[in-house]
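If you're matching them up, the sequences are chains A and B in order. According to numbering that gives the first Met the number 0, the first sequence is numbered sequentially starting from 0. According to numbering that gives the first Met the number 0, the second sequence is numbered sequentially starting from 0.
Treat the hints loosely; a few may be bogus.
Pairs of lysine to any residue, SDA-like flavour, derived with a Cα cap of 20 Å [what the hints assert, rightly or not]: (1) B:135 x A:86; (2) B:112 x A:148; (3) B:112 x A:185; (4) A:166 x A:198; (5) B:177 x A:185; (6) B:112 x A:171; (7) B:180 x A:197; (8) A:166 x B:232; (9) A:166 x B:135; (10) A:46 x A:15; (11) B:141 x B:87; (12) B:223 x B:284; (13) B:177 x A:137; (14) B:141 x A:144; (15) B:180 x A:128.
One-sided excerpt, in silico: chain A residues whose CB lies under 7 Å from chain B [said to hold, decoys possible]: (16) 160; (17) 169; (18) 173.
Restraint ranges, calculated between C-beta atoms of paired labels, are given here [said to hold, decoys possible]: (19) A:201 x B:27: 37 to 47 Å; (20) B:212 x A:201: 29 to 39 Å; (21) A:171 x B:256: 46 to 56 Å; (22) A:9 x B:25: 31 to 41 Å; (23) B:211 x A:138: 54 to 64 Å.
Keep in mind the hints are simulated off the structure, nothing from the lab. This one's a predicted model, so the numbers in the text were calculated from it and none came from an experiment. All residues carry an ideal CB built from backbone N, CA and C; glycine is no exception.
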Amino acid sequence: MITITKPKPFEEIKQYLKRSKGVYLVGCGTCATMLHTGGKSEVLSMKDKLEAEGKKVTGWMVIPTGCDPLAGKALETKADDINAADSILVMSCSFEVQTVRLYSPNKSVYPALDTMFIGKEERPGYFAEVCLQCGSCILGRTAAICPLVRCAKLLFNGPCGGSVGGKCEVDPGTPCGWQQIIDRLTTLGQLDQLEEIEPVKDWSTSVSGGPRQITFEL
Amino acid sequence: MKAGTNLEKVLESGQFAVTAEAGPPKGTNPDVIRKRGELLRSGCDAVNITDNQTAIVRMSSLAGCILLKQMGVEPVMQMVVRDRNRLALQSDVLGGVAFGIGNFLCLSGDHQKFGNHPTARGVFDIDSIQLIQMLKKMRDEKKFLGGDDISGEAPLFIGAAENPFADPFEYRVHRLAKKIKAGVDFIQTQAVYDVARFAQWMKMVTEMGLDKQVHILAGVIPIKSAGMARYMKSSVPGVSVPDSIVTRMAGTKNAKEEGVNIILEIIGQIRQIPGVHGVHIMAVGWEEIVPDIVGRAGLLPRPKL
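In isolation and in its complexed conformation, chain A is listed as follows:
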């Protein structure tokens, strides 16, 4: 599982940093390094671009795993450089942006990337979403292929009338998730599974229910 990110437009980043004279840069050694969106070379390239805009970059680091609580310790080791900046620009997923925010109560923290989805590299360089994190998994009834991320209309009882030649009507380059589900169930000899109508979804476990949280007994 990796978190897929893409760079935000530089204009948007400039807008965030409008009031900052000094900026500290943070990248991530895991997903963002693998995707070339927030590894060492991208951080250094951002440093050059910001300096060309007249910003002072007070320092930078690439935290090995930005979503780990150890990120706080890493930031502590560079406290002087960070204190010399007005803001921290995080070149990683929203998880790291918020982790850095947690350990930097007195600094403005901005994202340099858009966090797109939880994805899987299906072939070299091609990443596809695998999970919506909806909180009530239906994979057991859909041949272990999630229609909520594979169907543009989130159909529970698909496919829609726009599925042609195994492709989605929304984008001819995208496979139809329901075609994939039907193909797999056909191979498994279990297509009759789809005769059951999937009941309406309980979305309260998903983004509709407010901040999701849980306490585990440890």
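Position chain B against the provided structure of chain A, taking the given hints into account.
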């Protein structure tokens, strides 16, 4: 009778039904609906009012249906799950019934990407099959999806769409069966140009006995020009237009007349296919041609029941 609408009566009487489609305006003028209603009044048994079709914002289907109802034309209220969640869909059904609307068509809706608000969030809280189920529960159990009682009756004649031309082809008939299981009463199909493929689908439908459980109206869209034929072939998802039709439209001097001839031939062939209970004419923006087509197809006058 489930809702006792004119459409239901015609279908239940075993006569070949005719429905038509009218798109509401991209604006506020009720006369657009009234004019289309007047054009279609004598040529069909009920008129579908589309619901933000092709994901373009228009006057609401509910308002359009009320306008038709007020002039004595029977509406079919289209409902897409793209724009409204389960609360809004149910409240619109209540409002529709309050104004005497009885025919409802349950649809997924074209994806918002194709319309004039491509960055909108698609709702898709429930899907079209679940919408059918929800309406059936409202009618038969007089209960909302959430379980509360509905005060008053909810007599609904429940429709849905099906596309015999989408893939996977062999699965389409099973999806129809699923809609029947959910409680659908009538089906209006995607536009038929490829009659051979439609007949093949209908053969599977009748072999499974589904034509005895649901009324199937075959969709047709009259073609006005060679350009429209090419557009329908290349750009409308899930519509299959044979090359012969494109060639015919390209080779004629009177495109509109040839388009009508083609649709009349298709209607003629469709009527020979066992299990087809009617035709649904979607003359998008060309509503004035509908009475002509219905008349020349020998389907006038429409029954008075």
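Going through the hints against the structure:
1. For a cut-off of 20 Å, the pair hint linking residue 135 of chain B to residue 86 of chain A is broken: about 57 Å separates their Cα positions.
2. A distance of roughly 16 Å separates the Cα atoms of residue 112 of chain B and residue 148 of chain A; the hinted pair therefore holds under the 20 Å criterion.
3. For the hint linking residue 112 of chain B to residue 185 of chain A, the alpha-carbon distance of about 31 Å lies beyond 20 Å, and the restraint is violated.
4. The suggested pairing of residue 166 of chain A with residue 198 of chain A is violated, with an alpha-carbon distance near 25 Å, which exceeds 20 Å.
5. For the hint linking residue 177 of chain B to residue 185 of chain A, the alpha-carbon distance of about 17 Å falls within 20 Å, and the restraint holds.
6. For a cut-off of 20 Å, the pair hint linking residue 112 of chain B to residue 171 of chain A stands: about 13 Å separates their Cα positions.
7. Between residue 180 of chain B and residue 197 of chain A the CA atoms are separated by roughly 12 Å; this keeps the pair inside 20 Å, and the hint holds.
8. Distance hint between residue 166 of chain A and residue 232 of chain B is fulfilled; the C-alpha atoms sit about 16 Å from each other, no more than 20 Å.
9. Between residue 166 of chain A and residue 135 of chain B the alpha-carbon distance is near 32 Å, which puts this suggested pair outside the 20 Å criterion.
10. About 15 Å separates the Cα atoms of residue 46 of chain A and residue 15 of chain A, which keeps this hinted pair within 20 Å; it holds.
11. Using a Cα cut-off of 20 Å, the hinted pair residue 141 of chain B and residue 87 of chain B holds, with the two alpha carbons roughly 17 Å apart.
12. Among the hinted pairs, residue 223 of chain B with residue 284 of chain B is consistent with the structure: their alpha-carbon atoms are about 10 Å apart, no more than 20 Å.
13. Taking the CA atoms of residue 177 of chain B and residue 137 of chain A, the gap is near 18 Å; set against the 20 Å cutoff, the hint holds.
14. The straight-line distance between the Cα atoms of residue 141 of chain B and residue 144 of chain A is roughly 36 Å, outside the 20 Å bound, and the hint therefore fails.
15. Between residue 180 of chain B and residue 128 of chain A the CA atoms are separated by roughly 32 Å; this puts the pair beyond 20 Å, and the hint is violated.
16. Proximity of residue 160 of chain A to chain B holds as hinted, the smallest CB-CB distance being about 3 Å (cut-off 7 Å).
17. With 7 Å as the threshold, the beta carbon of residue 169 of chain A comes within range of chain B, its nearest partner Cβ sitting at about 5 Å, so the hint holds.
18. At about 11 Å, the closest approach between the beta carbon of residue 173 of chain A and any beta carbon in chain B exceeds 7 Å, and the interface hint on this residue is violated.
19. Under the hint 37 to 47 Å, the C-beta atoms of residue 201 of chain A and residue 27 of chain B, about 39 Å apart, fit the expected range.
20. Distance hint check: the CB atoms of residue 212 of chain B and residue 201 of chain A are about 30 Å apart, consistent with the given range 29 to 39 Å.
21. Judged by the Cβ atoms, the range 46 to 56 Å given for residue 171 of chain A and residue 256 of chain B is violated: they are separated by roughly 34 Å.
22. One distance hint, 31 to 41 Å for the beta-carbon pair residue 9 of chain A and residue 25 of chain B, holds here, with the actual separation near 37 Å.
23. A C-beta distance of roughly 36 Å is found between residue 211 of chain B and residue 138 of chain A, which places it outside the suggested range of 54 to 64 Å.
Violation of the numbered hints given earlier is confined to hints 1, 3, 4, 9, 14, 15, 18, 21 and 23; the remaining hints are satisfied by the structure.
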